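Visitor: Residues per chain, in single letters:
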Amino acid sequence: MPENVRTLYSEKVMEHFRNPRNVGDMEKPDGIGHVGNPVCGDIMELYIKVKDNTIVDAKFKTFGCGAAIATSSMVTEMVKGKTIAEALEISNRAVAEALGGLPPIKMHCSVLAEEALKSAIDDYYAKRK
Amino acid sequence: MPENVRTLYSEKVMEHFRNPRNVGDMEKPDGIGHVGNPVCGDIMELYIKVKDNTIVDAKFKTFGCGAAIATSSMVTEMVKGKTIAEALEISNRAVAEALGGLPPIKMHCSVLAEEALKSAIDDYYAKRK
Amino acid sequence: MKPIYLDYAATTPTHPEVVKAMLPYFTEVFGNPSSIYSYGLEAKEALEQARAKVANLIGARDEEIVFTSGGTEADNSALKGVALANESKGNHIITSSIEHHAVSETCKFLEKRGFQVTYLPVDEYGLVNPEDVKKAITVKTILISIMYGNNEVGTIEPIAEIGQIAKEAKVYFHTDAVQTVGHIPIAVDELGVNLLSMSAHKLYGPKGVGALYVRKGTRLVPFLHGGDQEKKRRATTENVPGIVGFGAAAEMAQREMGQEAQRLTHLRDRLIKGILERIEDVRLNGHPKRRLPNNVNISFNFVEGESILLNLDLEGICVSTGSACTSASLEPSAVLLAMGLSHELAHGSLRMTLGKWTTEEEINQVLEVLPRVIAKLRAMSPLMKK
Amino acid sequence: MKPIYLDYAATTPTHPEVVKAMLPYFTEVFGNPSSIYSYGLEAKEALEQARAKVANLIGARDEEIVFTSGGTEADNSALKGVALANESKGNHIITSSIEHHAVSETCKFLEKRGFQVTYLPVDEYGLVNPEDVKKAITVKTILISIMYGNNEVGTIEPIAEIGQIAKEAKVYFHTDAVQTVGHIPIAVDELGVNLLSMSAHKLYGPKGVGALYVRKGTRLVPFLHGGDQEKKRRATTENVPGIVGFGAAAEMAQREMGQEAQRLTHLRDRLIKGILERIEDVRLNGHPKRRLPNNVNISFNFVEGESILLNLDLEGICVSTGSACTSASLEPSAVLLAMGLSHELAHGSLRMTLGKWTTEEEINQVLEVLPRVIAKLRAMSPLMKK
Ligand SMILES: Cc1ncc(COP(=O)(O)O)c(C=O)c1O
Ligand SMILES: Cc1ncc(COP(=O)(O)O)c(C=O)c1O
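Chains as they are written, first to last, in the working numbering: chain A, 2 to 130; chain B, 2 to 130; chain C, 117 to 502; chain D, 117 to 502.
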């Protein structure tokens, strides 16, 4: 039996779960996204730094399952270097695909990641006003 | 595992089933007992020869299960040499006990054997009249 | 001498290769398939491979297979599951008068709970007439349950024809295929069934495992409530070794069925012919052609089945009777009576079912012993003289 | 390195000796126990010996044991069987809010079919108050079903006290003892239960086998309809190897339980103490003393259970979470919520259950790894800073 059938998640997911990128707080973020709640078991916080309409840095903190952590890690990787407009194009499917897929019952984690990103961008706009 | 747990019936029953005593027709019997019917799956015919109020010979023919054959064999053995009065005392339990017991669901076979005997004695009385 | 086992329809030995396939799942890959750590996922994977093999054997999709604890549970969950899920549609069920107790007793239970059951007659060969099924359907009919191969007399019912009728009438159709699966080719789509029952121990798999095929879209209330196993269609920790064994048996059947059926049909017909030639006043029960490859069922006039069985057992030959000897009731086989046999003949029937380890020599041995046993019993039968 | 298995409450490996005891019944003594020839009677005898062993383990009479396909079927047949058999008497059932799904989902099913179910609350330790049971009984109450040992938090319920109340009120009493049988001594007469559920794979027996203890005189509609097996209380060809395995496991448990429970209690308390000492902001779930010898259930503030589980799996340690991660629903453990935990804490719970092969070294290893894993996850938790 191949080793990979023994994990619920793809290798890519497990890789991001094991070594999540961009974990932690950010000093003076330009935007903060906060989604989820303890009732459903997933909470994500996503911080972005924006320069010249481009996301130059992203960090996250997540309370949640393996998929929640991996999608958080992945979405922060994906946004870095993108313009705000480009970042807004990132869909939950794109995050899931970048991770080599998610089990159906875990797709909501990718939705959460997309929402966290949008929430951070909203916050960035709100702060700029 | 002891050999005897592997049969539904006691050794004695199997012995009588294997080598039934007193099987067959009787020439000019003094009494014929006929009990059972095809619906319930057991038919016994029991023939007796009587001399000086004593059963000097008994034979049977039986259509039925192992227990029916063994009880027929046993009851014919038991009545030989007995007076009519003594024979009438033979209960179905006595037949079953003589066989080392019967499974509960087969007790009706011993009842049939008792009835076959009584029916033969009735027939003997009826013929004498 | 090794006993001659001719009761494969009652149960088969588990094939040594099947046992070998099962073994690692007791002690090594023992995890609970619902667990998400490696141990559990490995067990889960084995489960799904077995499911694919069983699905493959009957031409179903993997997700249409729900594992059960045997044929009886498959039958019970099909009938009760459809009944409960479709109460609002109607309360009428059509079945035959020769079903296995797992179906007929379930029908009796449902009758007590307000359902109406039509028990269709069969002809002298044990065949249900599809026209009778058609006529019995009313607006209230929610389920037709007709067995595929009869376990006593081996008659194979016209399932595809009935399936067509059920489809046209838009009524769910269940078949108890416990005796057929793994013995003759089956394709659920050709049969047009919604539900099909199987049991592993009838095809060299382990006892205590079965499956219900549930066509996608079939509405069914689950039989076992609890955890989310089997996509919520059957709760309980999965019997991984048993299911793996069922899978291995299904795979083996798929591979060997064609040749084996041919071999058994040959032996079966030799045994039937031999008995008819050697013994007078006998009758073959069941259909001479539309018959399971391994089934021989014969009635012997003037003698009773259990006494034949016991005599054969003493000679090292294991067979079974038509009548349920060990049950408290003394009723003869309902199947044989439904086929029009007299009580006497029904009581005097013998079933011999052949299997993987049955040899030509064994058949010869039976043909030598049986006439002797019958002669001995007839000599003591009060019915003989008539 | 061999993985460290700490999920014995989910399922145990089948003990190699148990497998050995089962093996002959697959291929050699493979007969159908309902058959009356030698092959079958030998299987029947093995069945009855296993029944005696299981009966012995819980102080029951042999004929009060009905074998099933597992704990779920035992629970389903107890609840549905009593409900159907006693409808004329009443339609009220009392249970707790921390039952296994096999009981709680069956209750939900019965509610849909017109029964009324009272779900009693539990205290912070997961204990049902016998006084609450007493107060809940009405003239319509036909069944009380309270589990013996809780599968998530290990709390042992006051079954004997509730049994006394049930007896006085003349109401049937069922207990799901799937987690307790074979682990702590049980005597059905002392407990005063009418019905008690067991499952072999929780005590080193095979999966797919269980039993329901049915006190003599208890009225029950059979769950599986069909043949006359198990004295007509459960149809289907008996799973002889599985049942023999259950018997062997029961015998082994009887012999080793006393010493093993002591050994596990020691390891359990070392693990609990070790975690409480090494990690801040944790909470032991379940009762500190009235607790299964092998159960450790801890909530870790600020982190989610599955992510702990996965990290431990990467380190070769198999545990389970309180919440049902693999299920489609994202609801946290109903048991923990019923005990008053916040959603956050309920999501952050971990169950570690010890067993026959758990060693002191393994516990040490867990105590070394776990703090590291929790620290890593807390470092990425948005809840931590608060
Ligand atoms: C036709 C048929 N249906 C159902 C069953 C029941 O199967 P099981 O014994 O696996 O429950 C059997 C065999 O016993 C059978 O022959
Ligand atoms: C308390 C309890 N009841 C019932 C069950 C169900 O047992 P099984 O999986 O054997 O059906 C389990 C275990 O899964 C359990 O822990």
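Wrong hints could be hidden among the right ones.
Under the rule of at most 25 Å between Cα atoms (straight-line distance), these lysine-lysine pairs were calculated in the DSS-like manner [as the list claims (entries may be wrong)]: (1) A:K128 x A:K50; (2) A:K130 x A:K83; (3) A:K52 x A:K13; (4) C:K286 x C:K205; (5) D:K501 x A:K29; (6) D:K250 x A:K128; (7) C:K228 x D:K256; (8) C:K501 x B:K119; (9) B:K29 x C:K501; (10) A:K81 x A:K52; (11) B:K13 x B:K52; (12) B:K13 x C:K501; (13) A:K50 x D:K501; (14) A:K29 x A:K60; (15) C:K347 x D:K283; (16) C:K228 x D:K283; (17) B:K13 x B:K81; (18) C:K205 x D:K228; (19) D:K250 x D:K283; (20) D:K501 x A:K119; (21) B:K29 x B:K13; (22) D:K205 x D:K136; (23) A:K60 x D:K205; (24) C:K347 x D:K224; (25) D:K228 x C:K256.
Each pair of labels, with its calculated beta carbon distance range [claimed, not checked]: (26) A:R22 x C:A276: 58 to 66 Å; (27) C:K256 x D:E203: 44 to 52 Å; (28) C:E476 x A:P104: 34 to 42 Å; (29) D:G230 x A:D26: 23 to 31 Å; (30) C:A276 x A:R94: 38 to 46 Å; (31) D:E144 x A:R94: 54 to 62 Å; (32) D:G432 x A:E16: 33 to 41 Å; (33) D:G432 x A:R22: 51 to 59 Å; (34) A:E16 x C:K348: 27 to 35 Å; (35) D:D305 x C:K250: 56 to 64 Å.
Because the hints were derived from the structure by calculation, they are not lab data. Values in this document were obtained by computation on a predicted structure and should not be read as measured data. Each residue gets a CB set at the ideal place from its N, CA and C atoms; glycine is no exception.
Visitor: Are the hints correct? Go through all of them and say.
Guide: Hints, one by one, checked against the model:
no., hint, in the structure
1, A:K128 x A:K50, "holds (12 Å)"
2, A:K130 x A:K83, "holds (21 Å)"
3, A:K52 x A:K13, "violated (30 Å)"
4, C:K286 x C:K205, "holds (12 Å)"
5, D:K501 x A:K29, "holds (16 Å)"
6, D:K250 x A:K128, "violated (61 Å)"
7, C:K228 x D:K256, "holds (22 Å)"
8, C:K501 x B:K119, "holds (23 Å)"
9, B:K29 x C:K501, "holds (16 Å)"
10, A:K81 x A:K52, "holds (11 Å)"
11, B:K13 x B:K52, "violated (30 Å)"
12, B:K13 x C:K501, "violated (29 Å)"
13, A:K50 x D:K501, "holds (21 Å)"
14, A:K29 x A:K60, "holds (12 Å)"
15, C:K347 x D:K283, "violated (39 Å)"
16, C:K228 x D:K283, "violated (30 Å)"
17, B:K13 x B:K81, "holds (19 Å)"
18, C:K205 x D:K228, "holds (17 Å)"
19, D:K250 x D:K283, "holds (11 Å)"
20, D:K501 x A:K119, "holds (23 Å)"
21, B:K29 x B:K13, "violated (31 Å)"
22, D:K205 x D:K136, "violated (47 Å)"
23, A:K60 x D:K205, "violated (64 Å)"
24, C:K347 x D:K224, "holds (18 Å)"
25, D:K228 x C:K256, "holds (22 Å)"
26, A:R22 x C:A276: 58 to 66 Å, "holds (59 Å)"
27, C:K256 x D:E203: 44 to 52 Å, "violated (24 Å)"
28, C:E476 x A:P104: 34 to 42 Å, "violated (54 Å)"
29, D:G230 x A:D26: 23 to 31 Å, "violated (57 Å)"
30, C:A276 x A:R94: 38 to 46 Å, "holds (44 Å)"
31, D:E144 x A:R94: 54 to 62 Å, "holds (57 Å)"
32, D:G432 x A:E16: 33 to 41 Å, "violated (18 Å)"
33, D:G432 x A:R22: 51 to 59 Å, "violated (25 Å)"
34, A:E16 x C:K348: 27 to 35 Å, "holds (32 Å)"
35, D:D305 x C:K250: 56 to 64 Å, "holds (58 Å)"
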